[in-house]
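Using the sequences and the hints given, assemble the complete structure.
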Amino acid sequence: MTVDIRVIQAGQMYRYFLRETVVGDGRRPARTPLRAAQEQAGVPVGRWTGRGLAALGLAPGEEVTEAQLRNLFGERGRHPYSDRIEADRLAAGDSPKQAFKAGALGRRVTVTGVDFVFRPQPTIYLLWAFGDEETRRVIEATHEYAIERVLAWIEDEVAVIRYGKDGIYRVRPPGGLVAARFRHFEARSGRPLLHDHLMLSVKGQRLDGKWGSIHTTALHENTVAASALYNELVAAEVCETLGLATEPRTVTPGRRPVMEIAGVPHELIRWTSRRSDQIAACLTELEHEYVTAVDDDGEPRFLPVVSERARAKLNQIAARKTRPPKQTARPLAQLREGWKASAILNSGVAADVITSLLEYARAAAAAIRARIAAVVDIGLAAVDVAATVFVMNDGGRFHRRHLLAEARRHLALVLRGSRRDPGLDDQIVAAAISTHCLDITEPKTVRGREAGYRLYTGRWSLCDLPARRRPTAPAPDPDWQPPADPGEPPAHRPSGQDAGEREILRIPLQYERAVLAGAVVRERLRAAATAVRGRGYDVVAHQQAAMPEQLLGPEPADLEYDDQELAAGRGEAIDMTALRALRESRKDVQALDLTADRLRCVQDAFAKAGDAARVRADRTGAVHPVRADGQQAHPQEPGPHRGREAGH
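According to our numbering, the sequence shown is numbered sequentially starting from 1.
Be aware that one or more of the hints could be misleading.
[As the list claims (entries may be wrong)] Only pairs whose alpha carbons sit at most 30 angstroms apart, straight line, appear in this in silico DSBU-like list of lysine-lysine:
| no. | residue 1 | residue 2 |
| --- | --- | --- |
| 1 | K165 | K97 |
| 2 | K101 | K210 |
| 3 | K165 | K101 |
| 4 | K165 | K210 |
| 5 | K313 | K210 |
[To be verified] Taking CB as the label site, the calculated pair distances span:
| no. | residue 1 | residue 2 | range |
| --- | --- | --- | --- |
| 6 | E267 | T241 | 23 to 29 angstroms |
| 7 | A430 | R31 | 52 to 58 angstroms |
| 8 | A350 | R31 | 44 to 50 angstroms |
| 9 | R84 | L303 | 57 to 63 angstroms |
| 10 | T435 | K165 | 36 to 42 angstroms |
| 11 | T292 | T435 | 45 to 51 angstroms |
| 12 | E267 | I317 | 26 to 32 angstroms |
| 13 | R15 | A54 | 28 to 34 angstroms |
The set of hints was computed from the structure by calculation and includes no laboratory data.
Note that beta-carbon positions come from the ideal geometry of N, C-alpha and C, so glycine has one too.
Here's what the structure looks like:
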């Protein structure tokens, strides 16, 4: 995820934020005023944001002062101007108790806020680091815009104030929320990492004017959906403004691909991910300790394989163990010069590519736009989303927020950096719930009756879905010795293999099974939709619109028929022809709502194109390889790479 969340508590946790986070993750000198410390660190001042500022006498974009932070986050949720309010009330003759109460925002709380960290995809902040001033300003502006959109979504759809006995009543904060935003430029390793800390206050005002506390559990539960929305928005705005496009790239084999800016070399991402290598080496050691740990009786303490949940926990431990100390913050201009020089010397990428990175990305985008149309079919997207969420959640039980996060990922994959109509993700979720999901909620509380907490499962059964397991790895070597220094780079391993995969057995990843589940459900839909003859062709056209060019069907092996007629009759040309027909029919719309009614107008074109292409394919004898599970085989996309600084 590119959005992280952490709780802010009054006391030591707040002092950590005031000492380091507000000054660019550097070390704030003792007794140095906040503004002076930010100027020394070369980072911009914090800014207030959110729709709830008016109720507190603040304005959007206003500078955040140390006194305001101390009152709102450090004094257990008091008014940012509580010092002034208390002094005025004392001057008016109120008692100290009355004056203190006048500066409070409801009850005093221990958890005073949450810290959201927003960072764009690595390829975006690489363009920000190596581009010219105009490119830098565009990316920073889109980064801020995406944060504001996510905050507005949280205010409208996520944040709730609990009140009454045991918090039985819940209400949206009608006036919005209050947050302080601080910008940072680099990671702990000194590599470029544009990111913002959004310190969101848990205080919100109800309709009756009373102040209550935002339910932080709801914020944690919707972090994945917020991350998917931020990724989609920042990529779309950057691509539309700078003329770029996105493509899916594999970070870890078997896991979900991430959407990156096309044309940015993998080697540059590897250059930024030095800490990822350190985490991978330490993770290998921890996994070996996990599977070999025994109790006092010599019995194994854990399972002999590493599950996804256990590996995620071990990865967090490895990240903490290898965490380097923070460096002294430097001005952005100085950082950009150092980054470019370091990348030219150490990344292995040619200097002209680094200095002209935007032009290379635009050339790659032009090739993608010429081959792949940004087409969204809500009905088919609902199939993909429901099938993926059904498999990715244990027991096939999920909530609406899971569908929403997956719908946003799906749109980012299909649209390739193009803007979409507002509310398209909600339409996909509504179609998935109404068509492919079964409500199994047993509401025993008020919370269980809320729309966001209703429990769903799939209407169809995937019990016959074949499991795609990795080849069995050899048993751990008892004489194996972990690296002496967790910070050493990991030893060379074959392409597509995780660190320590040869030594440690792991439970197969769920995303591969989810992809196969989507294919099975689509095949069933195609077989059942006999009333609409062209629907089957549209299914594949929709899928090819979401795929990079490397994942399209392979060329025929027989070169004897490699002529113009054969090029028009290849297996993938069946679907691309139909896709072009769709594209020509609605040139002014990039996100197409192809419901059953609208599909009838292009049904004949689909059927005609498919029949003609099948005749040509039969004449040429082209054969596509098929896997053992009956699905058409596609070559894996090359170039796995490590992700951002925190590791994947």
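Against the structure, the hints:
1. For the suggested pair K165 and K97, the alpha carbons sit about 26 angstroms apart, so the restraint of at most 30 angstroms is met.
2. Distance hint between K101 and K210 is fulfilled; the C-alpha atoms sit about 13 angstroms from each other, no more than 30 angstroms.
3. Using a Cα cut-off of 30 angstroms, the hinted pair K165 and K101 holds, with the two alpha carbons roughly 22 angstroms apart.
4. Distance check on the hinted pair: K165 and K210 sit about 16 angstroms apart at the alpha-carbon level, within 30 angstroms; holds.
5. Distance hint between K313 and K210 is unfulfilled; the C-alpha atoms sit about 40 angstroms from each other, more than 30 angstroms.
6. Between E267 and T241 the Cβ separation comes to about 26 angstroms, which falls inside the hinted range of 23 to 29 angstroms.
7. The given range of 52 to 58 angstroms is respected by A430 and R31, whose C-beta atoms sit roughly 56 angstroms from each other.
8. Distance hint check: the CB atoms of A350 and R31 are about 48 angstroms apart, consistent with the given range 44 to 50 angstroms.
9. Roughly 59 angstroms separates the CB atoms of R84 and L303, a value that falls within the hinted 57 to 63 angstroms.
10. Distance hint for T435 and K165: a CB-CB separation of about 39 angstroms, consistent with the stated range 36 to 42 angstroms.
11. Here the CB-CB span from T292 to T435 is close to 48 angstroms, well matched to the stated 45 to 51 angstroms.
12. Distance hint for E267 and I317: a CB-CB separation of about 29 angstroms, consistent with the stated range 26 to 32 angstroms.
13. Checked against the given bound of 28 to 34 angstroms, the beta carbons of R15 and A54, roughly 29 angstroms apart, stay inside it.
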